[in-house]
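Number of protein chains: 4
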Amino acid sequence: MIVIVKKSTPPAAVEALTCKLRDFGVDVHISQGSVHTVLGLVGDTSKLDIDQLKIFECVEDVKRIQEPYKNANRKFHPLDTSIPVGKHFIGGGSLTVIAGPCSVESEEQIIGVAENVKASGAKLLRGGAFKPRTSPYAFQGMREEGIKLLLKAKQVTKLPIVTEIMDISQLDLFDEVDVIQVGARNMQNFELLKQLGHTDKPILLKRGLANTYQELLMSAEYIMASGNENVILCERGIRTFETYTRNTLDISAVPVLKKLSHLPVIVDPSHAVGMVEFIPQLSLASLAAGADGLMIEVHNNPANAKCDGLQSLTPEQFDQLMKRAAKLSAAII
Amino acid sequence: MIVIVKKSTPPAAVEALTCKLRDFGVDVHISQGSVHTVLGLVGDTSKLDIDQLKIFECVEDVKRIQEPYKNANRKFHPLDTSIPVGKHFIGGGSLTVIAGPCSVESEEQIIGVAENVKASGAKLLRGGAFKPRTSPYAFQGMREEGIKLLLKAKQVTKLPIVTEIMDISQLDLFDEVDVIQVGARNMQNFELLKQLGHTDKPILLKRGLANTYQELLMSAEYIMASGNENVILCERGIRTFETYTRNTLDISAVPVLKKLSHLPVIVDPSHAVGMVEFIPQLSLASLAAGADGLMIEVHNNPANAKCDGLQSLTPEQFDQLMKRAAKLSAAII
Amino acid sequence: MIVIVKKSTPPAAVEALTCKLRDFGVDVHISQGSVHTVLGLVGDTSKLDIDQLKIFECVEDVKRIQEPYKNANRKFHPLDTSIPVGKHFIGGGSLTVIAGPCSVESEEQIIGVAENVKASGAKLLRGGAFKPRTSPYAFQGMREEGIKLLLKAKQVTKLPIVTEIMDISQLDLFDEVDVIQVGARNMQNFELLKQLGHTDKPILLKRGLANTYQELLMSAEYIMASGNENVILCERGIRTFETYTRNTLDISAVPVLKKLSHLPVIVDPSHAVGMVEFIPQLSLASLAAGADGLMIEVHNNPANAKCDGLQSLTPEQFDQLMKRAAKLSAAII
Amino acid sequence: MIVIVKKSTPPAAVEALTCKLRDFGVDVHISQGSVHTVLGLVGDTSKLDIDQLKIFECVEDVKRIQEPYKNANRKFHPLDTSIPVGKHFIGGGSLTVIAGPCSVESEEQIIGVAENVKASGAKLLRGGAFKPRTSPYAFQGMREEGIKLLLKAKQVTKLPIVTEIMDISQLDLFDEVDVIQVGARNMQNFELLKQLGHTDKPILLKRGLANTYQELLMSAEYIMASGNENVILCERGIRTFETYTRNTLDISAVPVLKKLSHLPVIVDPSHAVGMVEFIPQLSLASLAAGADGLMIEVHNNPANAKCDGLQSLTPEQFDQLMKRAAKLSAAII
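Protein chains in written order, with my numbering: chain E, 1 to 333; chain U, 1 to 333; chain B, 1 to 333; chain P, 1 to 333.
Extracted from the complex, chain E is given alone in its bound form (with noise of 0.2 Å):
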């Protein structure tokens, strides 16, 4: 961290800044300019915060050189995380598809989804059974029953499952489900986070609508910092001036989280644009982009579908779409 100082700043207020900073528990070496000091910080900054240091009188402006994250930072841990799930890995190389319904609806639905992309080639089942929706009155998921019936299809078809928590007492509900999520608008949860942190299960975390990289990777920090090293970060697209599309897929958060993180980044088209007959094009995008995975919506009958109907393939859409994917991957080895 450098901290700028004011021009002309006596030296009796640099050296008692000097004092206040090496409060803070870190090194201060001074630059003497002719024109400005530059004091630079050294030792773990990521617990200083800048605003707290530009209240001085003195100091012109703070600048970070180092990221406020440390266990979710490539810097730190240059090779790629690889998350065991079941028999299968997500990230470090392999291409990992989560489908499924929005919402589990009946062990028949479930069932019979699971079975369909489990042939597709997913390696993952989702399906929501706690759901956060904008309206008290919409459909609010089966809850526990839900957790129930995907367990019901992880025994018959042995895919691991992915489902959403939406608040820490439902917790021992989540034994047996396999990878936990987290959606967009709890990522900033921060109790949520941190009592996640507290488990060994792996964390699929979903970036806020309104989240830049580094928030989503200080969410992450949450979790990891607590003993959780599997996180798995998921771009769901953002909210922007466009209404035609329900969210914008922001495709550089591939290429970018997996510069700035060891952590895997998957994408969810599905929330992202909102619209089934987009979803084939920004999922080949995202792979093209190097995404370490696919998160994609499919209803057996997306026409009665209790929510998200609009976004859902039907498994013959998915199944298409699993086959172009294979060779855009192969392509582009």
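Among the hints, a few may not be true.
Simulated restraints on C-beta separations [as the list claims (entries may be wrong)]: (1) 25(B) with 79(U): 41 to 47 Å; (2) 198(U) with 79(B): 58 to 64 Å; (3) 13(E) with 80(P): 30 to 36 Å; (4) 327(U) with 70(P): 34 to 40 Å; (5) 10(U) with 79(B): 24 to 30 Å; (6) 108(U) with 200(E): 39 to 45 Å; (7) 63(P) with 320(B): 43 to 49 Å; (8) 79(U) with 9(E): 56 to 62 Å; (9) 145(E) with 15(B): 52 to 58 Å; (10) 60(P) with 108(U): 42 to 48 Å; (11) 79(B) with 79(U): 57 to 63 Å; (12) 82(B) with 79(E): 46 to 52 Å; (13) 226(U) with 86(E): 36 to 42 Å; (14) 145(E) with 25(B): 57 to 63 Å.
With a cut-off of at most 27 Å between alpha-carbon atoms, the simulated DSS-like pairs for lysine-lysine come out as follows [said to hold, decoys possible]: (15) 259(P) with 327(U); (16) 194(P) with 194(B); (17) 47(U) with 75(U); (18) 194(P) with 323(U); (19) 63(P) with 63(E); (20) 20(U) with 7(B); (21) 63(E) with 54(P); (22) 327(B) with 87(B); (23) 323(E) with 118(E); (24) 63(P) with 6(E); (25) 63(U) with 259(B); (26) 259(U) with 7(B); (27) 327(E) with 259(B); (28) 327(U) with 47(U); (29) 194(B) with 20(U); (30) 259(E) with 201(E); (31) 63(P) with 75(E); (32) 70(U) with 6(B); (33) 7(U) with 6(B); (34) 63(U) with 75(U); (35) 70(B) with 201(B); (36) 70(E) with 6(P); (37) 7(E) with 7(P); (38) 75(P) with 7(E); (39) 148(E) with 194(U); (40) 75(E) with 6(P).
These are computed hints drawn from the structure, not numbers from a lab.
Keep in mind it's a predicted model, so treat the numbers as computed, not measured.
Note that the Cβ used here is the ideal one computed from N, Cα and C, for glycine as well.
Please build the complex by placing chains U, B and P on the supplied structure of chain E, with the hints as guidance.
Just chains U, B and P now, kept in the frame of chain E:
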């Protein structure tokens, strides 16, 4: 709700659609134009999901005419809601200034600030015990101990207190808290909102950084639909491309929310702009725009504040602002 | 267009409204429902202004059903438009890569880069002569002299050239330019668009930093309505809250624009991301998403480029990218 | 400007970099810390491009300390600028209300409105002759004829007039216009700005829909660097995710721009919110925030206005607002 049917849809398909719509529990009135058939849905359409209707092949478009919120809607509650807190009322024509430090730091600090802001005319004391911080390494608040210190300050000064809850599991600690705050990052933590709807405490609900007016009102609706009508809306700045200020105060939120809803609307200029020097102007502007109150950060020693020192007024600055606010309020009545 | 009349509007008022609407040159079909009266406007509603209709007291809402653009609309031109440039065609199934430096800097530089990119497979040469810069103190381009050097490079390499116009007064200098570029900041410079509509040159129209798909298509419509049908749409990144990259590539723009319009859509990953290391991934992603082409900055000596060196590939990097692009294109057909 | 050199850069590379920097016409002061070497650039760094420095391999980061604008910068012009228009001054403590219709429509209309707004206390008359419209099919203004009618209204009422220029080629028509307006969409039409810098007319420069404070000030700088110091800044609402209002008024722009610059700052609440019912509150808020003036749309018959009728006050509404504004202004002095 209006459903526009695609051109040249055969009558049988229109009838099939009509039946399906009636299954959702609404009446359907068919308006047969020479070009388009338009279906008017009558009844409680707040439970209908636009996306679920758009999925039908013969549907061209769906247009909501009624707002999807009812309890929070001024149409059904024409009079301003006024929420009792101690002997004071928030909304309904009275002006409420809530003041205090970002974080509770010590008994001396919180009681000192409380006495100061009370002397200047604040009606409630604010102070953070549980602090949502982007970084897991930043000060996370005094938590349980912080609540206790706030209650001491309440005892000494008789000022009702406002403090933030971050997770349902903390609710027991809020028994004697007067107003429970839901922070911007938790505005769509729907499980938390539902639980708060089962209490009878006033809830101060902050608008999320990238959320619309309707989304804020739908979150209020979550609390109200669960039985708690005491919701106070708070505009605290939204995220925009401007990075010079911390956030961007959306001043239009004040008159617009007061038109759409009967709930009180207060403004938090401290978080909106994040720089002490602009807080007085934005406070006055908020009152001129018709806000029911302000929430302002005041610290006895901003340079040593554990967080948000950059945006905390000194008690003297706060006192001066209160005098200017009184003059302005008198002039605009 | 659908006009929804307010409940309990007296029939005389509906009739008065109907007359006024007919004055705008459209037919009005009344659909009398039991709750709402809905007016269907038939004819050329592209000239109607929603705001002008909403102002009538008895109007509840107005909903556009037809898009407000006609010439650019795929509904009226189902086949892909293919635009001839020299012996090459842009759009219609062919892949067009446009490459060259941000700015023309010298004869040696522009001819050198042109030869390099041609050898790697580029079909057109780009190079800025008039440069829009945020600062009046930054290099503003070689202007007239730059155009002359581009024409020399065209003569030597036979590559058609693309370069940006910033003001109508410069049009005379563009006589031998093959494709005229309108920059993102001029996307809504309507006077310029109208004048370009009176030429017969292909126009490469860049999307503005905060503009929607519809606004981009309305700007294309300005050019086309004035008589010039040769418009190429270009997605070059939008402004979002993310500041790590220069802009954010909106990859969905590719399939969405190609659905809404018959015009060719190309992508400029260089401006979208602004960092050399991510350009290959975004280029491949754009092709996977279905783009008709790419526009890529290439400089023989990026470290000494007069502008945009950070986002310019070397000829070697460009050549490698072209090889990967060819493999990917072959795989996704 | 501060250039931070990467760790372990060999001294020779630092020296080579230093030489290159000196070539840009600035002095370089080396501050050798034990961790980082920091170079302080002294002199006129406003002409330096951060990106051009970041491209050097041994550069870790570059930080601008001085703002890139000089003529518009309050640091170099501590006193408020006051711009004479007729016998009136804009800025410098006086309050300026500019009022009139969106578009000039007829002699009767413009003279009628002019007389009305003058009677209520407006100091300047506004009216659009050249109208930037998203659609090529919408009313484009009376153009040359509109300017003539404005000049008649000026002759009759003695009110100075403000009207928008859309292209340099129109400049000759603006000889007797008192203040030339540059619209939001032309804020970065740099060729136009340069030409206006060669006139001596006051320029009312509107902020673009997605532009930052610094970008607005850099556009002012374009005009000022060309020789015309008479620039009036205008906040007219920015684009955000909220679609209920036309745009979102950025009220913080008022105190922030007045801190950063000595130029007058006025607010256009009509375009910012786009709905008549909220214009009074936003006007008062703007004055409370410290604005030097307001620009308000007034039409004698909003329901028949050729554009922007939804956001035009009637003369009676305007008169009432002026009275409230006067009371508020008296109270906040």
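Checking against the hints above, which ones are violated?
7, 18, 28 and 29
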